[in-house]
Amino acid sequence: MLPLTFPLHRQILLKRRIWSSCCRRLAAMSSLLIHQPHYSWLKELGLTEDNDGVYNGTWGGRGEVVTSYCPANNLPIARVRQATLEEYNETVIKAKEAWQVWADVPAPKRGEIVRQIGDALRKKISVLGHLVSLEMGKILVEGVGEVQEYVDICDYAVGLSRIVGGPILPSERPGHALIEQWNPVGLVGIITAFNFPVAVYGWNNALALICGDVCLWKGAPTTSLTSVAVTKIIAQVLEDNNLPGAICSLTCGGADIGNAIAKDESVDLVSFTGSTNVGKQVALKVQERFGRNLLELGGNNAIIVFEDADLNLVTPSVLFAAVGTAGQRCTTARRLFLHESIHDDIVQKLSKAYAQVRIGDPWESDTLCGPLHTKQSVEMFLSAIEQAKCEGGTVVCGGKIIDRSGNFVEPTIMTGLAHDSPIVHKETFAPILYIIKFKTEAEAFAWNNEVKQGLSSSIFTKDLGRIFRWLGPKGSDCGIVNVNIPTSGAEIGGAFGGEKHTGGGRESGSDSWKHYMRRSTW
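The UniProt record's numbering puts the sequence shown at residues 1 to 522.
Some clues are possibly wrong.
Listed next, with one range per pair, are the computed distances between beta-carbon atoms [said to hold, decoys possible]:
hint, residue 1, residue 2, range
1, P167, E379, 25 to 35 Å
2, E86, I402, 42 to 52 Å
3, E391, E443, 56 to 66 Å
4, G494, G175, 32 to 42 Å
Simulated from the structure, these hints should not be mistaken for lab results.
The beta-carbon is built from N, C-alpha and C at its ideal position, and this holds for glycine as well.
Can you make the complete structure from the sequences, with help from the hints?
If you want it as structure tokens, here you go:
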């Protein structure tokens, strides 16, 4: 109520402004996908039109409000209030306090909590998979499969919680023994990318928890809703077990929060997944304080097809590796080396296969390729095509944007480029495949290794001698070395990661748990 002494004309003007502001607010709310009946399932994940992006036992968010958009139509889904630096600092303090409790919980008991997290995710696997598809843009089967990866690593970690430990070693001193004692590092800061907004956090989170660490998560700003939804699921499990929620904290934010994590000496391990350029900056900041980091960065992955390969395997494998997730996987096949004797035949078969790829809404069951994640991604796609043309490349198929709402492009095949062309050595996060002829095994292996990244690689051949050479010291220099299967995809039981500019980190599987612990010998 305005005071009676307030001039009447100013009262009318102010009320009009308030009414106009309310109308704009209501219009903005009604335009959000979360308010449309078709997307009412979002509320099953505890999401509303405005969501808190900070969790440390309680929810909050006093920072910038970020709107999340659907890449398939560029319509707003809902909003998230990000963390301020003050809230980040508060969260670190609470996480450190929570570690005092969590570190005293026996490892098998920690495994039981992780088992419950996996079960809670199972109950939400469909609806959470739909959210991943809606917010990131990958097709539905991939969205659900990504949540399944988190479930699988929880199962893996539960078993690991009962066997983590070091050896007892013989001592040179009489009556003595050497024991390797493994203890948690403490607080793990986990920075994840947009393309796997659930799975990458899951790999880190499940292993860190059974090791006795607490986690502070900063997901990509463009997939903040997924970060909030996953954290709500985990928070409920912690609450049901009377454990501090700050064991699995969340601070949504941009570069300021990521920079704070990298520089903060209170963060005992920084696990970063993203581009090589940003990863280099993170590594320098962490190293400056003599901290630990785990880097999962870019990949420029190659498939090599020899003349003796089973050609029936090649076309579907290359198609899946190059077009899956619209080329937005770190393990996407970006270079295809074909023996000159089969080059033309494979190019023709791939062109026919590409022409049959259904591109469209990622929620439709027959869609094989969804949109790129952002409008900026589309611009990078077009820029890469033009650069490739300038360097002598020829577009065999694709190469254009699709005239419809959303960030859709045509999966593209290019030939005619040299193996060492600048664009071939650049990772473009889009469905562009460069096909190059080769003559000998030696040059094919050398071309695979000549790029700066070293994540995934594959050969197609029936020659057992060649296979062992490929796996040996003079073969592929990548962290993932495949034979007669695509470059994309990984199993949670095997260590995932790569060499050189891919960062050297290993997440998931094998002995990657050692990243999340410190070792003492006594």
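Verification of the supplied hints:
Take P167 and E379: their Cβ atoms lie about 53 Å apart, and the range 25 to 35 Å is violated. Checking the proposed 42 to 52 Å range against E86 and I402 shows it holds: the Cβ atoms sit about 44 Å from each other. One distance hint, 56 to 66 Å for the beta-carbon pair E391 and E443, is violated here, with the actual separation near 20 Å. For the pair G494 and G175, the supplied restraint of 32 to 42 Å holds, since their beta-carbon distance comes to about 41 Å.
Consistency note: the structure conflicts with the earlier hints numbered 1, 3.
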